[in-house]
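Number of protein chains: 2
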Amino acid sequence: MARDTAVTRQKLLGAARQEFAALGVAGARVDRIAELAGVNKERVYGHFGSKDGLFAATVGAAMDELTEAVGTPGDDVAQWVGSVYDFHRERPELLRLLLWEALHHPEPDVVGEQDRAAGYSLKVDALAERLGLAPGPEAAVTLLSLIGLAAWPSAVPQLSRLIVGSHVAEGELGSVVRDCVVQLAGRMAGGGSASERAGSGHETAVADR
Amino acid sequence: MARDTAVTRQKLLGAARQEFAALGVAGARVDRIAELAGVNKERVYGHFGSKDGLFAATVGAAMDELTEAVGTPGDDVAQWVGSVYDFHRERPELLRLLLWEALHHPEPDVVGEQDRAAGYSLKVDALAERLGLAPGPEAAVTLLSLIGLAAWPSAVPQLSRLIVGSHVAEGELGSVVRDCVVQLAGRMAGGGSASERAGSGHETAVADR
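Line by line, the protein sequences give chains A and B. Heads up: the first sequence at position 165 corresponds to 165 in this note's numbering, and the numbers run straight through without jumps. Heads up: the second sequence at position 27 corresponds to 27 in this note's numbering, and the numbers run straight through without jumps.
Just so you know, not all the hints are guaranteed correct.
[Stated by the list, open to error] Computed, partial: chain B to chain A, Cβ under 10 Å:
id: 1; residue: Val7
id: 2; residue: Ala26
id: 3; residue: Val30
id: 4; residue: Tyr120
id: 5; residue: Pro135
id: 6; residue: Gly136
id: 7; residue: Gly148
id: 8; residue: Val168
id: 9; residue: Glu172
id: 10; residue: Ala185
If you are wondering where the hints come from, they were derived from the structure by calculation, not from laboratory data. C-beta atoms are modelled at their ideal positions from N, C-alpha and C, and glycine is treated no differently.
Modelling step: build the complete structure from the supplied sequences, incorporating the hints.
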């Protein structure tokens, strides 16, 4: 790809992320994205085919950043969940894109589905290996649930505030939720390995609180 | 409340749920809701004050239905999570309303906040008692996380499909995810009580799969 083409593409993806995260698929306007990127509107279609194509590329790029930042589930699955939690708190755009996508596309297919499924498949394999499971449905649902555990407090911040807000000092909500989410993740993931469960200290930490 | 007033209110709430769940707060139109309910538009403002007031009442009514259907966390916390999971799969409106609310109101306040917080507080207390915890931050985050565990697969169905879809036969996704979510919930909640953990059989079930 020629350098100016790559630069244009990056500019468009940056502007699209801002527009789609704020307004969703239906609310976003391609001409506003082009203007924000300082690029001719026609080039959007040249690069991405359609608004849906641009949205898919935007989600894909944001997802790549998450994977780069947090990697696949490693030796300490609970700490991996903590990293995913931090990512979503610090960079809310990806989660907003996923929620807009869910609200916009209830039907069962997503543009760019294969690449995204392949990315998750690597994470399922890593988690399965870590937990001593076959890479099958259980490992897949466990990955889905660990991601949910990490993402949920930022996906619905109003629920975090309504449920936890009265129990913690203002400004400490994020870190209190994080600590507890990491503990719960350890307990959830620990089920796959008795020795890890016994040695993790999570239950002791809970009992001490 | 006079009967015809109560009936009008119910009609408006039903129409509002449909409109808000489909289109969100920004996309919904009060005149369309009034028309759908067969009620004069002015009465919407008489009953609910504003579109935000109507949205808040709509969320409150949907939340009351959830609470009526699933109750507070009882003796078997994992089965309670299963009931919450079923509710969201069978009646997607409440979850859609909560996602729209999250996307629309990133700022820290929600109309009708006190009633909703009080409702969650009862559930935190019930869960704390069940798990032998003080009704504090840990119990609150555990409730938030158990709700997330139950709701997440329906909140982002595209992720459920991308992550779990290749591992299960079509049409079985919902029940496979449910079984595993209930197991994971048992493991998460079991941490609060060693005797329950030992007797729950969840780990055996996992190891047998």
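Self-check item: Numbers of unmet hints, in rising order
Solution: Structure breaks hints 1 and 3.
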